[in-house]
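As they're listed, the protein sequences go chains A and B.
In terms of the numbering used here, the first sequence opens at residue 1 and continues consecutively.
In terms of the numbering used here, the second sequence opens at residue 190 and continues consecutively.
Simulated from the structure, these hints should not be mistaken for laboratory data.
Being a predicted model, the structure only gives us computed values, none of them experimental.
Beta carbons: idealized from backbone N, C-alpha and C, even for Gly.
Hints are not guaranteed to be accurate.
Quick list of simulated restraints, FRET-style, between CB atoms [unchecked claim]: (1) 319(B) <-> 184(A): 52 to 58 Å; (2) 319(B) <-> 165(A): 45 to 51 Å; (3) 292(B) <-> 5(A): 54 to 60 Å; (4) 243(B) <-> 53(A): 41 to 47 Å; (5) 236(B) <-> 5(A): 42 to 48 Å; (6) 495(B) <-> 17(A): 57 to 63 Å; (7) 6(A) <-> 195(B): 45 to 51 Å.
List of simulated lysine to aspartate or glutamate pairs, DMTMM-like, C-alpha gap at most 25 Å [stated by the list, open to error]: (8) 135(A) <-> 240(B); (9) 135(A) <-> 91(A); (10) 539(B) <-> 493(B); (11) 19(A) <-> 240(B); (12) 135(A) <-> 196(B); (13) 857(B) <-> 825(B); (14) 135(A) <-> 236(B); (15) 289(B) <-> 406(B); (16) 135(A) <-> 251(B); (17) 135(A) <-> 825(B).
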Amino acid sequence: MGSEPSLVALMEAADCGSKPAADALFSALYVELRRLAKHELARRGAPVSLSATTLLHQAYIEIAGREGASFPDRNRFMGYAARVMRGLIIDHARSRCAQKRGGQFEITALSTEAENAPDCRELTRISDALDQLAKAEPSLAEVVDLKFFCGFSFAEIAAMKDVCERTIQRDWEKARIYLHRSIRPDLEM
Amino acid sequence: MSAFSPEQWQEISPYLDHALSLSEQERAEWLSDFRAQRSDIANLVEELLEEQRALSQEHFLEGHAQQPLNEDALIGETLGAYKLVSRIGQGGMGNVWLAKRVDGRFERQVAVKFLHFALASQGAAERFRREGRILGQLRDPHIAELVDAGVTPRGEPYLVLEYVQGHHIDEYCDKQKLGVDARIELFLDVLGAVAHAHASLVVHRDIKPSNVLVSGEGEVKLLDFGIAKLLVDDTSPAAATLTLEGGGVMTPLFAAPEQVTGGAVTTATDVYGLGLLLYLLLTGQHPAGTDPHSPADLIKAITDTEPRLPSEAIALEDGQGLAQARGTTPEKLRRQLRGDLDTILSKALKKNPAERYGSVVAMANDLGRYLKHEPISAHPDTIGYRAAKFVRRHRAGVALTAVALIAVIAGLSGTLMQSRNARRQRDAAIRERDRANRIRDFMTGMFKVSDPNEKAAKEVTARQILDKASGDINTGLAKDPELQAQMMHVMGNVYTNLGLYDRAQSLLELAIEVNRAARGPGDPETLSTMDSLGGALVQLGRYSQAEKLQREALEGQRRALGPEHPDTLVTMGDLAGTLAMEGHLEEAEKLGRETLEKQRRVLGAENHHTIVSMDTLAVILGEERRFAESEQLEGEAIDLERRVYGPDHFGVLMAMANQADTLYLMGKYSEAKQLLQQTLDIQRRVFDPNHPETARSLYNLGCLAARDSKRDEAFSLLGQAIDHLSPRSVPKVDNDPDLNSLHGDPRFAKLVARAKQRVVSDARCPL
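Isolated chain A (complex conformation) (with noise of 0.2 Å):
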């Protein structure tokens, strides 16, 4: 770990609104999540697909074990990860949209899953919004990054903030509404 500073010590300033805490905190969570991911394919054998829930489990365990006793609470950080686990995703389908215009290959849909899955474009207007939104009120904002981009249930969601389910779907849905208003143009053009 040498002179970095903990990811702890960066959560701290990151709350308290410094910007480049919150730079740091990201693109520190974001090395590990990747590592820890292809430490995982690895050990696996690909082409196994992790969910991100798992990801995002694993990273905290690692994380909350090396960084000792001083390490604050696991909501805290599941706020902060699913933000990053967001960020791996949209450019992993950047990737992909890439691939696809230069006609490497066609995904064929077999499951209704892939097919209801959002593309690319949509996904970086999403996120877009989600920053937006994560201005206006962030626990909105945590609450698609955990469902939407990371897979976690509503009863997981609410286990992890310790409030009652109800709250967490009320979000859920104040949420939707406001992404839906930011991306409709788009989506009507």
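Based on these hints, arrange chain B on the given structure of chain A.
What follows is chain B alone, placed relative to chain A:
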């Protein structure tokens, strides 16, 4: 309007919170109150709530964003003879890739499925390959072929499968708006494939909509046959089933009870899976209901809760949408499911594997029977069920028997009200109400009595229903002897129509006895029952006994009801017929004409009894050898009755047979033969094969064949007839002049011997 500014959002956010926590109705109230204070915000909030409803409906953001991991690195990688082309899906058990055969032997696209687990040892990898090869031997046009099974150098097992494009069967059915029968027909292909696999000792273990694809051409293909077994860890099968999906807990939506509890997985497990799939196809929902389930709740539902009957399940859902996707209305859909399909699915979905269909073929057979409107094998063995089916298949025949019986019984409670005097009317009304209830109970019981002995019977006959009911009548209605006797009377008449004259006789004798005790010997019901008994006795050849009864009845009816009462007239007509049988033709004709004239006046020309009297008079005229008159009158009777009651009516058949007799006596042989053949065709369709009237047609056709010296044909027809002729016709055989040409043939002697045997046995068991 585009995105919110942070200020804007801050302003409306609390109101949205509040509104979202209210129920629909509370919301409307709150909004209208709030509009009075802040109409601008209230309007915006209302608009947003509308939007939110729409978003829920289109499942906005409810899927998952793509997985972030870069498995695309595999593109171009080669596994054995196959080169991976692209990832085409993520199944429950692992990722699926489209691959191309590249060893140059032949062009072929396949699907490569990587399984989400690592093989623990070299032994496990061996077992995987071996099992894979066994599955590869399974060939069926409706089963996706397993081309190969292997393990990557990194130790990850994979399967090479036939590449199938299509929709999940449930989506396909909804998209095509297939009706219930079309869905079942498609499903029968699935059953056929599974049955084939079972014959090769392969159990699917994981039947669910996503494993049954239908191509654009409507061809069914089953995926993943037996593959679930490859994933089962021998030490803990139940755990494996529940943890298949990427190490997470699988929601065992399509698991059979024994899969959840760790019981043995057998072909019965597939029967359950198939039942579940069909349930889903027909009702659009899972038997455990549509509510979201936690795995624990679902397991409880699978192991403990009896599934709702499909016909009831659709009532709980959006019936309109479900029905539309099946090209019908909710009510029709419910009716289609109710009964056989409820039964078939309940049997397939039994918790106990031993209570399910013994094989997929048995299930397919029942569905096939359902499609053909035949009785299915699965059922709580109640007579009522079979009766319902019998009615549907043999409308005409049953119309004369069981249905007539029901109609008459149902009509009883009304007619009983008549001939009560005013003083007793109030008491009577109460009694009649109780009586109506008793009739209803008795009828219900008649069709619902569960009879374990019936299990083996292929089909229930109207006679079985009747036998059951006449057996119950002594016990079931003993408290109400008047009603009991009346029911016996009705059933006795039905026995007569069925050609079971001895049973009719014993039941009618009993009815008279009960009636005499309960109502008195002069009561109209008692008298009418006596006439009916006379009718049965005529068929048994006991003419003088019949005549005596009918005369007594007629006298009583004239006194009690009057000379032109419908009941009096019926007895008059019957007596005329009896007299004709005895050869008292003059009196018979006089009485017959009087009856017909009065009935035409009192009941109308098209009344059934009037037409029967036309037939009776025609027979009398025929006996008098006034053939032209007889033929004319009988022809009118046949036309009238056909028009009023339909071509298969019992009365029409009687009149046709009588007309054929007359034609024969007139020497119009070919006309007689044609009419007899026509009669026989209908009789075969609507009567029990042993009905005496059918035998009569066969016998008369035999006489015609004998006349033409077609001996073989004659003996064949007579042989079919002889054991079932009504007792009154049997003694005729010995010296029937129409059979003279057969005398001397040893077969004739045999025939006569059989007839004599009949007379002896009939006499020995008079019942």
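(request) Look at the Cβ atoms of residue 292(B) and residue 5(A) and judge whether their distance stays inside 54 to 60 Å. (result) For residue 5(A) against residue 292(B), whose Cβ atoms are near 56 Å apart, the range 54 to 60 Å holds.
(message) Checking one constraint from the list: CA of residue 539(B) to CA of residue 493(B), max 25 Å. Satisfied?
(response) The hint holds at about 10 Å.
(message) Given the hinted pair residue 135(A) and residue 240(B), is their Cα-Cα distance within 25 Å?
(response) Holds: residue 135(A) and residue 240(B) sit about 23 Å apart, inside 25 Å.
(request) Take the C-alpha atoms of residue 857(B) and residue 825(B), compute the straight-line distance between them, and say whether it is at most 25 Å. (result) Cα-Cα ~18 Å, so holds.
(message) Holds or violated: residue 135(A) and residue 91(A), Cα atoms, limit 25 Å.
(response) holds (22 Å)
(message) Holds or violated: the 57 to 63 Å window for the beta-carbon distance between residue 495(B) and residue 17(A)?
(response) holds (60 Å)
(message) Does residue 251(B) sit within 25 Å of residue 135(A), going by the straight-line distance between their CA atoms?
(response) holds (23 Å)
(request) Check the following: the C-beta atoms of residue 319(B) and residue 184(A) are separated by a distance inside 52 to 58 Å. (result) holds (57 Å)
(message) Taking the Cβ atom of residue 243(B) and the Cβ atom of residue 53(A), is their distance within the range 41 to 47 Å?
(response) Between residue 243(B) and residue 53(A), where Cβ atoms are some 29 Å apart, the hint is violated.
(message) Hint check: residue 19(A) vs residue 240(B), CA-CA at most 25 Å. Holds or violated?
(response) violated (35 Å)
(request) Could you grab the alpha-carbon distance between residue 289(B) and residue 406(B) and see if it respects the 25 Å cut-off? (result) Holds, at roughly 24 Å.
(request) Mind checking the hinted window 42 to 48 Å against the Cβ distance between residue 236(B) and residue 5(A)? (result) holds (46 Å)
Checked against the numbered hints given earlier, the structure breaks hints 4, 7, 11 and 17 and satisfies all the rest.
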